[in-house]
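With these hints in hand, go ahead and build the complete structure from the sequences.
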Amino acid sequence: MAHDTLPHPVKTPRRDRPPAPAPRHRQFWPRRVNPLAGLGSVLWLAVVIVPIYAMISASLTRQDEALGRNALQPPTRPTLDNYNTVLNSGFGHFLANTAIVAAAVVGIVLVLCTPLAYVAVRTRTRWSGAAFRLFLLGVAIPAQAVVVPLYLMIAKLNLYDSLLAVILPTAAFAMPVSVLVLTGTLRDISEELYEAMALDGASPLRMLFQLTIPLAKGGISTVVIYAALQAWNGFLFPLIFTQSDGPRVLTLGLFNYVSQFGVNIPALLASVVLSGIPIFAVYLVARRALVGGLMGVGGK
Amino acid sequence: MSAPGAAPRTGRPHAVWALPGVLFFAFFAVAPMVLAFLLSFTEWNGLGDPRPVGLANWRRLLDDPRLTQSLWLTVLLTVVSWAFQTVVALLLGVWAAGRQRNRAILSAVFFVPFLLSSTAIALLFYALLDPNFGIVQKDTLGSSNGAFLAIVFVGGWQFIPFHTLIYQGGARQIPPVLYQAAAIDGAGRYRQFVSVTLPQLRHTITTSSVLMVVGSLTYFETVLILTQGGPGTDTAILPYLMYEAGFKSYDFGYASAIASFLVAAATALSLLLVRLSGFGAMRSVREGM
Numbered sequence: 001m002a003h004d005t006l007p008h009p010v011k012t013p014r015r016d017r018p019p020a021p022a023p024r025h026r027q028f029w030p031r032r033v034n035p036l037a038g039l040g041s042v043l044w045l046a047v048v049i050v051p052i053y054a055m056i057s058a059s060l061t062r063q064d065e066a067l068g069r070n071a072l073q074p075p076t077r078p079t080l081d082n083y084n085t086v087l088n089s090g091f092g093h094f095l096a097n098t099a100i101v102a103a104a105v106v107g108i109v110l111v112l113c114t115p116l117a118y119v120a121v122r123t124r125t126r127w128s129g130a131a132f133r134l135f136l137l138g139v140a141i142p143a144q145a146v147v148v149p150l151y152l153m154i155a156k157l158n159l160y161d162s163l164l165a166v167i168l169p170t171a172a173f174a175m176p177v178s179v180l181v182l183t184g185t186l187r188d189i190s191e192e193l194y195e196a197m198a199l200d201g202a203s204p205l206r207m208l209f210q211l212t213i214p215l216a217k218g219g220i221s222t223v224v225i226y227a228a229l230q231a232w233n234g235f236l237f238p239l240i241f242t243q244s245d246g247p248r249v250l251t252l253g254l255f256n257y258v259s260q261f262g263v264n265i266p267a268l269l270a271s272v273v274l275s276g277i278p279i280f281a282v283y284l285v286a287r288r289a290l291v292g293g294l295m296g297v298g299g300k
Numbered sequence: 001m002s003a004p005g006a007a008p009r010t011g012r013p014h015a016v017w018a019l020p021g022v023l024f025f026a027f028f029a030v031a032p033m034v035l036a037f038l039l040s041f042t043e044w045n046g047l048g049d050p051r052p053v054g055l056a057n058w059r060r061l062l063d064d065p066r067l068t069q070s071l072w073l074t075v076l077l078t079v080v081s082w083a084f085q086t087v088v089a090l091l092l093g094v095w096a097a098g099r100q101r102n103r104a105i106l107s108a109v110f111f112v113p114f115l116l117s118s119t120a121i122a123l124l125f126y127a128l129l130d131p132n133f134g135i136v137q138k139d140t141l142g143s144s145n146g147a148f149l150a151i152v153f154v155g156g157w158q159f160i161p162f163h164t165l166i167y168q169g170g171a172r173q174i175p176p177v178l179y180q181a182a183a184i185d186g187a188g189r190y191r192q193f194v195s196v197t198l199p200q201l202r203h204t205i206t207t208s209s210v211l212m213v214v215g216s217l218t219y220f221e222t223v224l225i226l227t228q229g230g231p232g233t234d235t236a237i238l239p240y241l242m243y244e245a246g247f248k249s250y251d252f253g254y255a256s257a258i259a260s261f262l263v264a265a266a267t268a269l270s271l272l273l274v275r276l277s278g279f280g281a282m283r284s285v286r287e288g289m
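From first to last, the protein sequence lines stand for chains V and A. Residue numbering for the first sequence follows UniProt numbering, beginning at 1 and increasing consecutively. Residue numbering for the second sequence follows UniProt numbering, beginning at 1 and increasing consecutively.
It is possible that some hints are incorrect.
According to the in silico footprint, chain A covers these stretches of chain V (three or more CB under 8 angstroms from chain A) [unchecked claim]: (1) 52 to 65; (2) 79 to 93; (3) 148 to 156; (4) 278 to 289.
Example chain V residues on the side facing chain A (calculated, C-beta under 10 angstroms, incomplete) [as the list claims (entries may be wrong)]: (5) 42; (6) 143; (7) 179; (8) 198; (9) 294.
By construction, these hints were calculated from the structure, which means they are not laboratory data. Think of the CB as a built atom: it goes at the ideal place given N, C-alpha and C, for glycine as much as any other residue.
Structure follows, in structure tokens:
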């Protein structure tokens, strides 16, 4: 998806097209039946579906029925009580915090990484090369490795137990992959287009906004999705840098439910189901962008 | 912000444009790495100021039998997870790159686990593996092998959808001409897979492997929620060991020594992978296709 908008001569097959009008040569490889592959994919389907089914069915089970019962059994008297319990335990507040963190992280990453990638691709100086390599190395830094010094820094900056304490490091750690994805996309924009704009006397800034960004939509949407997922998934930074209910994000809220609900596993699973619903809704609406954007990571 | 003095005739941006991003990243990611290394020579309980103690933490670390165990576990977890995820994701991804209708539906379902956060997934399996409640009415997490395999499985369950997608994207970019040529040469399905698909996917395999290897260092949530490093210390991978030393025992100097170790290992790994793959060569992967 990342390259569909690019004026590039290399063929980029469009995805998700109805199968009928595919050109003749395209039918060539997948058409034959492959029983082994079919079997494997059905097997994996079971691996995916069974836990999800067990989770949903358990979340609808009354707590007194839950223990000693096999998780694969459907509930005899389904109930929504567990969902009520969870919704009354700050779920909405945690979700709102996560949304704030995600929006802020996406904003910071886009504002910082777009010019970075632009420079890395468009200028060939020693400095821009060094900056690019810095981010390349950064891809491997696990957040765990720096959490102790970050804790010290966050405390000294007086940010402890605030949403900013989660937002700033999360954004920083989303940057390396974002820079890689963006440089990958920008590199495919042809030099002639820049030259044409330069002849018209366009400034680099104008080129960025009128040429680069419009043509890099695919890469940019990948970065948006990636950064948002990082924020959505974040656990360690919130765990260490926040403490009170005020700035608590959803992942940490879920983690706290373990102690709050104790052995009330149905309520715990209801909280997991609820946490999946918002992003599942996004998935239903924007499936193509989500999937296509992430697919672009591997196309590079 | 605008620095038009650069080279207006070619319209190239000034390198200064990259500065805000570099500074931000340097402050919140690179500086802490350096600081972690410095803190490893101190003793600090989280309150007051760190006190220098020389090499004490490092000596202690090298004598700690838990480090050897943890290191071995981390490597084992990475290798086993990589093998499991690569095999499944590669096969599913290449299969899903085909065009029948049921494939589209199935790949949509395959993607669903990725929509849950690591925390949610760890909690889900925490419940499903509960001996009194779960699918397997056995104390899986109470046995050392069971706990290890559970972590590998849960990691795969979460990340295989993503890597499948990456392979699907990669496989769709393989020109069909290559398959036609192979078929004309009399290559069967298996032969085509080995001689066309795999070599054509080498960049994809590298990208996906880098992400997997780096990602397996972040199985922290899964370990924390599923096993707490247990039974005993049998699933205490390096990041978990670091977390325990720092945020449970408030021994931040020692935790920093473990963290520095982690940074060194991760950096070495990424350098190796970048070398092997030409990932950093700044060239378009479409070249030579």
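Hints, verified against the model:
A stretch counts as covered by a chain when three or more of its residues have a beta carbon under 8 angstroms from one of that chain; for the stretch 52 to 65 of chain V and chain A the count is 4, and the coverage holds. Counting residues of the stretch 79 to 93 of chain V whose C-beta sits closer than 8 angstroms to any C-beta of chain A gives 0, which falls short of three, so the coverage hint is violated. Under a criterion of three residues with beta carbons nearer than 8 angstroms to beta carbons of chain A, the stated coverage of the stretch 148 to 156 of chain V is upheld, 6 such residues being counted. Closer than 8 angstroms: that is the beta-carbon criterion, and the stretch 278 to 289 of chain V has 4 residues meeting it against chain A, so the requirement of 3 holds.
A least Cβ separation of about 8 angstroms between residue 42(V) and chain A falls short of the 10 angstroms threshold, and the interface hint therefore holds. Hint on residue 143(V) holds. Least Cβ distance to chain A is approximately 7 angstroms, under the 10 angstroms limit. The restraint placing residue 179(V) at the interface with chain A holds, with a minimum CB-CB distance near 8 angstroms, inside the 10 angstroms limit. The interface hint given for residue 198(V) holds, since its Cβ lies 4 angstroms from the closest Cβ of chain A, which is under the 10 angstroms cut-off.
The beta carbon of residue 294(V) comes within 5 angstroms of a beta carbon in chain A, closer than 10 angstroms, and the hint placing it at the interface holds.
In terms of the numbered hints stated before, the structure departs from hint 2 and from no other.
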